[in-house]
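**Q** Residue numbers (my numbering), protein chains in the order written: chain A, 942 to 1212; chain B, 942 to 1212; chain C, 942 to 1212; chain D, 942 to 1212.
No lab work stands behind these hints: they were computed from the structure. Computed from a prediction, not measured in an experiment: that's the story for all the values here. Careful, some of the hints might be misleading.
Note: identical chains are not told apart, hence a pair may lie in one copy or across any two.
Taking lysine-lysine pairs in the DSSO-like style, the calculated list, with each CA pair at most 30 Å apart, reads [as the list claims (entries may be wrong)]: (1) LYS1005 / LYS1032; (2) LYS1175 / LYS1013; (3) LYS1187 / LYS1013; (4) LYS1032 / LYS1183; (5) LYS1032 / LYS1187; (6) LYS948 / LYS1018; (7) LYS1175 / LYS1005; (8) LYS1032 / LYS981; (9) LYS1183 / LYS1058; (10) LYS1060 / LYS1197; (11) LYS1187 / LYS1005; (12) LYS1018 / LYS1005; (13) LYS948 / LYS985; (14) LYS1058 / LYS1005; (15) LYS1197 / LYS1005; (16) LYS985 / LYS1018; (17) LYS948 / LYS1175; (18) LYS1197 / LYS1175; (19) LYS1058 / LYS1016; (20) LYS1175 / LYS1060; (21) LYS1013 / LYS1032.
For reference, the chains in residue letters:
Number of protein chains: 4
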Amino acid sequence: GPAADGKLTGLVAATFTPLTQHDEINLSVIGPYVDYLAEKQGIKNIFVNGTTGESMSLTLSERKDLAEEWCKRAKGKMDQVIVHVGCLSLKDSQELARHAARVGAHAVAVIAPSFFKPKTADALRAFLTQVASAAPALPFYYYHIPAITGVNVSARDVIEGIESLIPSFRGVKFSGSDLVDFGQCVSHRPQWSFLYGLDEQFLGALAMGAHGAVGSTYNYLGCDVQQLMSAFEKGDIVQARKIQFKIQELVTYAIKLGFDVGVNKQLMIEI
Amino acid sequence: GPAADGKLTGLVAATFTPLTQHDEINLSVIGPYVDYLAEKQGIKNIFVNGTTGESMSLTLSERKDLAEEWCKRAKGKMDQVIVHVGCLSLKDSQELARHAARVGAHAVAVIAPSFFKPKTADALRAFLTQVASAAPALPFYYYHIPAITGVNVSARDVIEGIESLIPSFRGVKFSGSDLVDFGQCVSHRPQWSFLYGLDEQFLGALAMGAHGAVGSTYNYLGCDVQQLMSAFEKGDIVQARKIQFKIQELVTYAIKLGFDVGVNKQLMIEI
Amino acid sequence: GPAADGKLTGLVAATFTPLTQHDEINLSVIGPYVDYLAEKQGIKNIFVNGTTGESMSLTLSERKDLAEEWCKRAKGKMDQVIVHVGCLSLKDSQELARHAARVGAHAVAVIAPSFFKPKTADALRAFLTQVASAAPALPFYYYHIPAITGVNVSARDVIEGIESLIPSFRGVKFSGSDLVDFGQCVSHRPQWSFLYGLDEQFLGALAMGAHGAVGSTYNYLGCDVQQLMSAFEKGDIVQARKIQFKIQELVTYAIKLGFDVGVNKQLMIEI
Amino acid sequence: GPAADGKLTGLVAATFTPLTQHDEINLSVIGPYVDYLAEKQGIKNIFVNGTTGESMSLTLSERKDLAEEWCKRAKGKMDQVIVHVGCLSLKDSQELARHAARVGAHAVAVIAPSFFKPKTADALRAFLTQVASAAPALPFYYYHIPAITGVNVSARDVIEGIESLIPSFRGVKFSGSDLVDFGQCVSHRPQWSFLYGLDEQFLGALAMGAHGAVGSTYNYLGCDVQQLMSAFEKGDIVQARKIQFKIQELVTYAIKLGFDVGVNKQLMIEI
């Protein structure tokens, strides 16, 4: 089960969105997908409709159908389902947040809007606050991924004083390579969850105090990374490093193939 | 009236979206707005729901309501209403394209998807082609604005062979500073419309053969830029330059204030 | 001959540095090179030891030998020889400036230091001022090429008030694509020389008021660009554009080959 | 003493260059500086004339005088003096490499040329190889610092097969945030030394297998980082992290002040 205080820790799989050949969402696969993650990969938490889930190119109603199905199928099998509800439009994000609460999500997460980019932490916090207010009872996570959004505000600045604006704030999915920013988040608010999002350098973030990880490779490398984490916790850095290097090799190979969602899904099938 | 062959030339105002204090769209302002552009700024063409119109942060239904109102109010007063229908989601873009055709738009335009960024001209053309297929009877424009989308494919590469994929293809709204790319578009397909989108360096693009311009400052500097264009056409480069420098000074001043949509709208009121 | 007031206008060829197969400088080629430029390309001004001249990878003594030879061979054949003396080291730059004065250069030019990058206009002006003070009698030009130096200070900001620090200041070799910055330089200090450095979009800068151009392609396209300039001056924009497009095609082709100094030198031989 | 096989491990202080008020090098400070590092900071290895040493803005003769003095004063007090000999000019770099060998350096290091940037690993290896050939008896290190040089070739690619070109190759000073590239270097050639250069996230690199660190803060935080390393080696990650966070706070504070060499030198005096 989850930590007594509900703090989100450990591995979180960022799920793919099953699509048909004609790019229609395929809800029928989600039930077996949950079973596979729980049984074969030892995964207890999922992050749905994120970048891995291609949510930003789905319609609102597709995202709702997916969120609902994931929540329904994960019941009793996963500890937590975090639904990503960020959109370019604030109103759309709020609608998805309300919907996530309704269908039983355990938490919501929101990415920075990437078209009209907020230039300051204040502007970004204002956006997050307005989304959070649509689902005030749900734990709220900020999804930090500057290389894709182009929003260059440090996560440390974003979380400054955010608890007074968003009482439900619980942490950050941190998908960036800046371990100084990451370290300062962890040391500033150790009670929150800081989950690292670059699978291929997770070990560095663990050393900096990461409480867990959210990533796409955990769909098929979940067991390996569980081993990496437990080696690290036991102080067996040599073994942890060995697993990390193996993952780096795989990811580097995948990047040479493009490492888009298609390649990633293919890897899941092959491995 | 428009050119006999319907080729889009001259000035196109990129319209703002009227919003209330509570960020609701305010359709009642659109009628007077059209009159103002036609009567006070000498504008004959408008580009609605673009970047200036903040479309990327509006909901689908807001965009539809706006498109419909602009088309209705512009009837008989504007030569052409180009409706921008680009979204991160292909299906949403297609839905807006169909809707634009239904409400009487004269043309549609589409921006590159900026979250999952197409890496090649082929990938981007495929996206544009699928949107265009939803409104095959409407002239189609590609909206090139790499500094915002982060899609670094040259416009010249995008338009290569595009007529065989999109028979309704008619040109590019080119909002980039690369005048080599722009010049090569113009020289490659002189029959299409290449409209320049950086108001503050329009004169450079005119020299390279721009057929017109699409921009936000034409909401309040329309007359000045008409004069710039006619000075340029008469070979009075000194006068054209004088007007361009005046615009540069204004825009540089506005950039120091942030030059976001709020500042821009304020300038429109003041000038 | 030159303008009565000595104002530098028209075409300036940025010369290549003749090297042997073993990367030794080959001074014997410089005499014939000057003759070729004067007689075959109609060039009256040269910019030596710049980027085209690979000066930043030459030793101090190589740069001195080259400067001396160019000045000696150009005497009576060129109106002006501008020697670029910028280095990463201030002391080296000052030494080269003193040397340029000694060997009869007509002017010096200085690039921004690109390793420890000045972050403000003040810091950059301070560097330029100290170099200029080593050759106070020579006209001084700032060489603006942000894409290579990584120094992102606008030229307009750099020249603000520079005449009180550098009384010999005379203008800018502007090798950037920002025509707003360029336009504001020209309108701010029309008495100085603003020479454009991106050959492939020179026509845009001419429209903005460029007083001339400095570039590497003028080594072999000098006559074409003279024609472009005179067409532009006569108001024949169609002809000017035609020549510009031809140059764009050539440069685009060269860029596909790498467009490094080797390719460029090869083009000079072939064309 | 050093490892029996001479492998460079542990902390290496990147030394500042003592300058007078008039920007003349001040050799007289170097003797006491060495004593301070050895006695107060527990430093056994120094990296001289690097970025911290402002070498790229010094003249060749200043760099020689400094290299000589550091080698002389460090004799018997430091295990290794690594002299950085990289310049924009290959010939200058070779001259400095020969000089370093002559004055008793234990090793040389070379940065990628940052003005004419090598675009491929092959081109960069060729440059490094030619410098190394001027001091073939000295251990050779590649200095990787892409954020400053703008040379975006991964270190992993640079070291591929480099031992056949540079038999004296011994490792990399890796000053970049990409821990995947770093991890792949370490796993690919564990026998070489991979020393990490971003002091504020050293712990992440240690987890990835860093053999040591080269940095400017070790001039004044040497003892703290020794403690960090020994805590890490003993498996006391909590203590290691605590020290790392303290350093992050200091560096973040320094960055707000500019964190240029001036600020850094001031910190050394104050702490």
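**Q** Work down the list of hints and note, for each, if the structure agrees.
**A** Results of checking the hints against the structure:
For the identical chains of this complex, LYS1005 and LYS1032 are neighbours both inside a copy (14 Å) and across copies (15 Å), given an alpha-carbon limit of 30 Å. Proximity of LYS1175 to LYS1013 under the C-alpha cut-off of 30 Å is found in neither arrangement, the shortest distances being 36 Å within a copy and 46 Å between copies. Proximity of LYS1187 to LYS1013 under the C-alpha cut-off of 30 Å is found in neither arrangement, the shortest distances being 35 Å within a copy and 45 Å between copies. Taking the shortest Cα distances, LYS1032 and LYS1183 never come within 30 Å of each other, neither inside one copy (46 Å) nor across copies (42 Å).
In the homo-oligomer, the alpha carbons of LYS1032 and LYS1187 never lie at most 30 Å apart, since the shortest distance is 43 Å inside one protomer and 39 Å across protomers. In the homo-oligomer, the alpha carbons of LYS948 and LYS1018 lie at most 30 Å apart inside one protomer (18 Å), although the nearest pairing across protomers, at 51 Å, exceeds that limit. Taking identical chains as interchangeable, the C-alpha atoms of LYS1175 and LYS1005 are never at most 30 Å apart, the minima being 41 Å within one chain and 50 Å between chains. Taking the shortest alpha-carbon separations for LYS1032 and LYS981, neither the intra-copy value of 38 Å nor the inter-copy value of 34 Å comes in at or below 30 Å.
Neither within a single protomer nor between protomers do LYS1183 and LYS1058 lie at most 30 Å apart by alpha-carbon distance, with minima of 39 Å and 33 Å respectively. For the identical chains of this complex, LYS1060 and LYS1197 are inter-copy neighbours only, at 14 Å across copies versus 33 Å inside a copy, given an alpha-carbon limit of 30 Å. Proximity of LYS1187 and LYS1005 under a CA criterion of 30 Å is satisfied in neither setting, with 36 Å inside one chain copy and 44 Å between copies. In this homomeric assembly, LYS1018 and LYS1005 come within 30 Å of each other (Cα to Cα) only inside a single copy, at 20 Å, whereas the closest approach across copies is 41 Å.
Within a single copy, LYS948 and LYS985 get their C-alpha atoms as close as 13 Å, which meets the 30 Å cut-off; across copies the closest is 44 Å, which misses it. Within a single copy, LYS1058 and LYS1005 get their C-alpha atoms as close as 25 Å, and across copies as close as 24 Å, so both meet the 30 Å cut-off. For the homomeric pair LYS1197 and LYS1005, neither the shortest alpha-carbon distance inside one copy (34 Å) nor that between copies (41 Å) is at most 30 Å. Proximity of LYS985 to LYS1018 under the C-alpha cut-off of 30 Å is restricted to the intra-copy arrangement: shortest distance 7 Å within a copy versus 56 Å between copies.
For the identical chains of this complex, LYS948 and LYS1175 are neighbours both inside a copy (21 Å) and across copies (29 Å), given an alpha-carbon limit of 30 Å. In this assembly of identical chains, LYS1197 and LYS1175 lie within 30 Å of each other by CA distance neither inside one copy nor across copies; the values are 34 Å within and 38 Å between. When the C-alpha separation of LYS1058 and LYS1016 is checked against a cutoff of 30 Å, the pair qualifies neither within a copy, at 36 Å, nor between copies, at 35 Å. Taking identical chains as interchangeable, the C-alpha atoms of LYS1175 and LYS1060 are never at most 30 Å apart, the minima being 42 Å within one chain and 43 Å between chains.
Proximity of LYS1013 to LYS1032 under the C-alpha cut-off of 30 Å is found in both arrangements, the shortest distances being 25 Å within a copy and 26 Å between copies.
In terms of the numbered hints stated before, the structure departs from hints 2, 3, 4, 5, 7, 8, 9, 11, 15, 18, 19, 20, listed from lowest to highest.
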